[in-house]
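A.B. asks: Quick note, the sequences are listed as chains A and B, same order.
Note that my numbering numbers the first sequence so that position 290 is 290, with each residue one more than the last.
Note that my numbering numbers the second sequence so that position 267 is 267, with each residue one more than the last.
If you're looking for bench data, these hints aren't it; they were derived computationally from the structure.
Computed from a predicted structure; not experimentally measured.
Do not take every clue at face value.
For lysine to aspartate or glutamate, the following EDC-like pairs were computed, each having C-alpha atoms within a straight-line distance of at most 16 Å [what the hints assert, rightly or not]: (1) A:Lys89 x B:Asp370; (2) A:Lys224 x B:Asp189; (3) B:Lys454 x A:Asp301; (4) A:Lys223 x A:Asp301; (5) A:Lys134 x B:Glu84; (6) B:Lys67 x B:Asp310.
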Amino acid sequence: MRLLKLVPDDTNIDFLRWRKLASFMSFFLVAVSIALVAVKGLNLGVDFVGGQSVRVEFTQAMPPIDEIREKVGEIGLGEATIQQFGSDKAVSIRTALPEGDKAVAERAGQQLVSGIQKAFPTAKTGSVETVSGKVSGELLRTGAISLALAILGISIYIWIRFEWQFGVGALGRLFHEVALTFGLFAVTQMQFDLNSVAALLTIVGYSLNDTIVVYDRIRENLKKYRKMEIIPLLNLSINETLSRTVMTTVAMLLALGVLLIFGPDVIFGFTAAMLFGVFIGGYSSVLMSTPVLVWLKVGPDSFVPRTSAGIMGGERVERKDDGAVV
Amino acid sequence: MLDFPRWKTISICISLLLGILFAIPTFLPQKTFDQLPGFAQMKVNLGLDLAGGSHLLLEADIADLNKTQLSNMEKTVRVSMRGETGPDDDIAIGDFKASGSTISFLVRDQNQLDDARDRLFRETAGAGLTGQRDWQIEIVDTTRIVMTLTASGRDQAVDRAMETAREIIDKRVNELGTREPTIIREGSDRIVVQVPGLQDPKALKDLLGRTARLEFRMVDPNGTVGAGGPVNVPIGSEFVPYAPNEGNGAPGEILSRQVMISGDQLIDARQDFNQQQLPAVSIRFDSAGSNTFARVTGANVNKRFAMVLDGQVLSAPTINEAILGGQAQISGSFTVQTANELAIALRSGSLPVKLDVVEERTVTPELGKDSIEKGAVAGIIATVSVLVLMLVVYGRFGVYANIALAFNVFLIIAIMAFFNATLTLPGIAGFVLTIGAAVDANVLINERIREELKRGRRVFQAVELGYSEASRAIFDANVTNVIAAALMFWFGTGPIKGFAVVLTIGIVTSVFTAVTVTRMFVAHWLRTARPTTINI
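Extracted from the complex, chain A is given alone in its bound form:
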């Protein structure tokens, strides 16, 4: 049986040649993402702004969004945010909760569900979520903290297992991916909720797999080819691991793509964010996290314990400690 090779043998692409362009692209995309989040804002779900959200499923043809908006507006709970996700028969209707008295808030919750049932008698309300302002504030805070801790914790782990340059590379890469995913949420105005944070954390965890595999190979090659210059060495390491990067990315995209198409539409945004993250991850592990190492002057010395250098022998002592291997 002839086996399929996603990446031909002896592939040797000079990835590092594009490092300036790639870095520029990355900075540009991060800047665009941040600008998008600043200008368009995120469509925060009830988890983070408080309020109530009802999922309405229409058994027959769904009325136009504007009609739904108008009818929900008549219930008298202020402007409603209406969002369609995945399926063409279900929308989520979101309104704010009245300030102040908790009993008022509770009544408003019942009012929204009964109002929707009156306006659309054939529709079914599949799920109801009500989150008070106090709780949503806490969720937003812990969400932000856990995301920051994940990025930092993983970078520190890489620093401990490799060298500080690699930790910085991982940090930059994770920041890049998280920023771009936020950009995706800003562009599409998909609802950003607790699930989205979980998706971000998953992206942070999984996308680093690629980086670690490449870094592990760089470390190995640095020890193996002590005389090789850094750029060819990095190119070699990326090319050697390229087939694995492509294969794993394809497998993950396949699994998540299936989930996006056939899976429950309730987690459409969650899956979409992860799919996007895996896609970006494939790109950035090749073109983003490695060039960082050139600028931070990683060299064969990075993995030679400093104390033993003097004892072990002449060759390493001669090498100047300016890291100028390039």
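Model the placement of chain B on the given structure of chain A, informed by the hints.
C.D. replies: Only chain B this time, still in chain A's reference frame:
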């Protein structure tokens, strides 16, 4: 590579076998599952977003609790200043003030100050581990006693109130006849209630939000109430408003502050009908309560008493004769449902603190069922696609990886069943993701074997190196995933916790199956077939 010890093979096979055995009960229909012996009744639970149901987060109204604590202390002060041996022993006090977390009062005779303080000290108790007492007593200006509720006193009160509240909520939810509710405390002042399979959470919310503090108090005949509110409120009495729709237009009643009998002395409460055939609640007092009730009603014939629920008067009937036997009927504008709810609330006891619903998430069972079906379909298609991909790319080694992947699926389910873990909708996504990521370890190994072969190594050596060199990256990569999953578990609510659990279990099992199990297969094949070239 070739020496794969027998004990290792045996233990791997045993763990795989156990994995399959533990996974089976989850797939059995409920009927068959119930017939299994107890030790085998292990299955993966479905989260509320899949099974349908309600998740409610209740928060205690701490300010309300503080107020109650202060007013209770005021009562204690008044009682303890009254002498035990008679009027000679009384300590005259006045100018009672309460604000924030302090109460203060004037002791008229300065010589009695120390005595007053000693009496009050006996009423306080140690709180917490710091040796602090729950109330701090000070003498100010040589005439006033100031009592301040300490932080540890307050924390202790909150803790006790929350524990009692949890028990009461537990009783109430169970009375509703729901299956397997979860009621746990969260943080210092919150309770999480999860009830699977409930269609309408409104009844549940009404029931949980109700304090159900029932009091029978005498109506003060000297008090007068006008259409707009209280007109004359004698000392020792207070104005209490009527509940909505009660009182025939009267705004409220002037009631004695003293409680004749309270809901604590109930032994039973049932929904019933009154003489007009309207829904009502019949209650029965315990023997001490019955005696008090008989005595007080006997002494107050032709006067009126009021039934007060949560600070609102329900009705204020006239006592025609002494009520013996400890039975009473509470009437008001009830429907059968509300009367039933009140009966449940009264039976389970009154909440020591007011609870507000600060978060609610409800999913109908239909939506949950739909999610499971779509999730299962997506999971199967995703798995099959990945299996095919592995097969066409790695051939024989892909088959080994695929067998390992199948075992991985069983092991994840088995471990989740063993720990009674909960599968949520994001958990299904985690499952699918794990399928995609689980093959990563095999991809790493197989790619490494390809490379080593390309470098001209012999088959055995290439395979050996493939496993040993790839292991390092596999380990590091999985540690980062565990870090992310741990943080998700820390911050997430139910569904996301479920996702983190699946992810973590998946990480551990996939390393086991992808590295150890495939290694066993490959070693066996190399030993028996002794190939000189391999197609990978």
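A.B. asks: None of the hints should be skipped; say for each whether it holds.
C.D. replies: Comparing the hints with the structure gives:
A C-alpha spacing of about 13 Å is found between A:Lys89 and B:Asp370, which places the hinted pair at or below 16 Å, so the restraint holds. About 59 Å separates the Cα atoms of A:Lys224 and B:Asp189, which puts this hinted pair outside 16 Å; it is violated. Our distance criterion of 16 Å between C-alpha atoms is broken by B:Lys454 and A:Asp301, whose separation comes to about 29 Å. Proximity of A:Lys223 to A:Asp301 is assessed by CA-CA distance (about 9 Å); at most 16 Å being required, the pair is judged to hold.
Our distance criterion of 16 Å between C-alpha atoms is broken by A:Lys134 and B:Glu84, whose separation comes to about 49 Å. Pair hint B:Lys67 plus B:Asp310 holds up; C-alpha atoms about 15 Å apart against a cutoff of 16 Å.
In summary, the numbered hints that this structure violates are 2, 3, 5.
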